[in-house]
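What follows is each chain in one-letter form.
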Amino acid sequence: MKARVLITLKTGVLDPQGKAVQKALGTLGFDGVDNVRQGKVIEIDLTETDETAAYAKVSNMCDKLLANTVIENYQIELLPDGT
Amino acid sequence: MNAHDTRNNPEPLVDADLAADHGLSPDEYQKVLDLIGRTPSFTELGIFSAMWNEHCSYKSSKKWLKTLPTTGKRVVLGPGENAGVVDIDDGQVVVFKMESHNHPSFIEPYQGAATGIGGILRDVFTMGARPIAAMNALRFGAVDHPKTRHLVAGVVAGIGGYGNSFGVPNVGGEVNFHKRYNGNILVNAFAAGLADADKIFLSKPTGVGLPVVYLGAKTGRDGIHGATMASAEFDDSIEEKRPTVQVGDPFTEKCLLEACMELMASGAVIAIQDMGAAGLTCSAVEMGAKGNLGIRLDLDNVPCREDAMTAYEMMLSESQERMLMVLDPTLENQARAIFEKWDLDFAIVGETTDDLRFRVFRDGVEVADLPIKDLGDEAPEYDRPWTMPVPRPALEHNDFADTDIAASLLTLIGSPDLASRRWVWEQYDHLIQGNTIVRPGSDAAIVRIAGHEKKALAFSSDVTPRYCDADPFEGGKQAVAECWRNLTASGATPLAITDNLNFGNPEKPEIMGTFVRAIQGIGEACKILDFPVVSGNVSLYNETNNEAILPTPTIAGVGLISDLRKIVPSGFTNISDIVLLVGAPDTWGTHLGQSLYLREIHSREDGPPPPVDLEQEKQAGDLVRSLIADGLVNAVHDCSDGGLGVTLAEMAIQSGIGAAITPPQTLSPVAAFFGEDQGRYVMTARLEDRAELWDRCEKAGVAIEEIGSTIAGELKLGNADAIFVKELQERHEAWFPQFMNM
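In order, the protein sequence lines correspond to chains A and B. Those letters in the first sequence? Residues 27 to 109, by my numbering. Those letters in the second sequence? Residues 53 to 794, by my numbering.
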């Protein structure tokens, strides 16, 4: 099973990288960009086949390593094999 | 939806319980009620809690801080402004301060430490000084505590990430480990900047009806109530306190620095204050209170990066990289153009008034109307009860077994508190700006003054918390004396210090007692060594589950070097030099109480700390400085943690040159080599200068003893086995990387 983890900054946390992207878009002539927030996507291949167990395992990974839960949120998406 | 619509989000009802949640005691809340004659609004309660907490008001410490000597012939400006200002000749001044960012760094080590650096840099450049050096004094929990490595990695990366990006060299500091910091680490950040004496900017405005301008980055909901958190003890509910950490952006800070420098040069600035703890509230109230003016703020004009921010949130946000300024209205357009050029916000958010009120408006509604002096410089002040610390009994003679000198030295030199800090400082850019002369790892770091051929500044940060725990008075003295000694050993004339006082809960009389006695010790040392305090910061409530940190009054000092060509290194320089021990009343070591030897070899933290004889300290230091200036010595290193043995080992490690040392047969080798007696320096000199050195020491009334000579490749202490310098170097360098890679 594959897990896809989406990590984003919590609402209200300053995002210097997002701000830089927003500014660069403006410089390139893309107008109407009101705000940009960036995050990251992590894909993990698991040998676990049970969804509940896989979810629990990935949550634990997020809490311990993948996300900085002080300033970041995470969302986990489980994808069956072959996608 | 109207961005300012707060109707769906009614403000909570203000009562004593809510006040308690804001850290105001029942007495303090009653004082608020008496002061304004009504129940405060929610925003007003937030303002009171921010201004009256320990972090901003110094309510427990003020009484004692006033006892410290703060004047001197070189002091231009003592405590009370953003940073202290000291004359360094040629119409130049050095502006410096040290400040803690302990609580945020424990919760989110990278951002906590990074924003600590950002805050201290702003304190310095707010005054018109361009930052030229930074240092960091760090204390972590026991090396075997599960959180320690994570915290070390995060804090060091955060300091490097912010400081390196901003472009200030990180030239020194301290790293200690002790189990008493398991639940409360200390991150004390120091910054120094350079300015012309006649171009210093203050936070005290004069003039009514002048525009109050918001500068820098936008306001978000970060760090709301950071200052209140910094004044609360931690407990197991710490997880809930997490969202209060703010995120910094060093590149914005660099732009803010350049914009401020340009703005100050334009003549538009009447007064300026950085927004640090309690952001807009603290900066506006402090400016008004200092200038004996009222301030009126219209929050609708505050640049925000989030929607629907309430007055309460705006007043308490600790978003980074922001400043508040009182502007000369005739130069508004020029000032605005400068900030637009640097892509920073510039917004007129209020004006100075003559009513001594702090009035805040949001959507046309007055959300706060408070007496500004009572919030600011007339905030509550406490004389907290304190008890005299109990002195530790002296060590019994022979109550621990003597150990092999060579083996003990190898253990000590590779122990967590003495091992090389290269792993740490190599992550810091310590060379940027191109003026670093002496890098981290020596007695004091030395930074050249750009544009001068020979002038430089020396920086050192010191405290020995285990001494302060055993005897806060002697420990306070020792912290100042060691800083003074380190600057002296580097060849500098010590100028002044900034103090960063980290203690536990001041409401406990025994903790307050350690605080009072440490300040008394610091004060006495400052007075006798003519080393005044020009700025500082107090961090109290460093406790977790009722256990306080070791009392840690960090002292960071600045010294002036008038001729760089005369300084000598702290490592050996030549083979066949004579090795001299200078300064102590008892030239070889005697005092093992609270020594690292006792702790690392015998696992004991017993006894009183070594006493500091300040008169003797001054005599010895003044002599050492003159010997360096007159070119009579080839190397100087002060004797501190680990005693003479460790001092000699460090001199060998630095240089690759060894020494053969011969103590008199009558001495106990353990006390001779590992006693931590104060006020001593190890020097090397040419044999032919022997007579003159003895003559100079005799005239100065300072003890001198020839203890051996430098030799190639190995260190031989008395009858112990010789140790290859290479082995010392390997042991010294090994511990930190091994610990971090475990």
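Just so you know, the hints here were simulated from the structure itself, not pulled from any lab data. Be a bit skeptical, because a hint or two may be false.
[Unchecked claim] Beta-carbon label-pair distances, calculated as ranges:
(1) B:205 <-> A:85: 53 to 63 Å
(2) A:67 <-> B:765: 52 to 62 Å
(3) B:764 <-> A:86: 51 to 61 Å
(4) B:353 <-> A:56: 21 to 31 Å
(5) A:67 <-> B:353: 33 to 43 Å
(6) A:85 <-> B:791: 26 to 36 Å
(7) A:51 <-> B:205: 46 to 56 Å
(8) B:792 <-> A:81: 27 to 37 Å
(9) A:90 <-> B:790: 35 to 45 Å
(10) B:484 <-> A:81: 38 to 48 Å
(11) B:674 <-> A:46: 27 to 37 Å
Beta carbons: idealized from backbone N, C-alpha and C, even for Gly.
Check each numbered hint from earlier against the structure, then list the numbers of those it violates in ascending order.
1, 7, 9, 11
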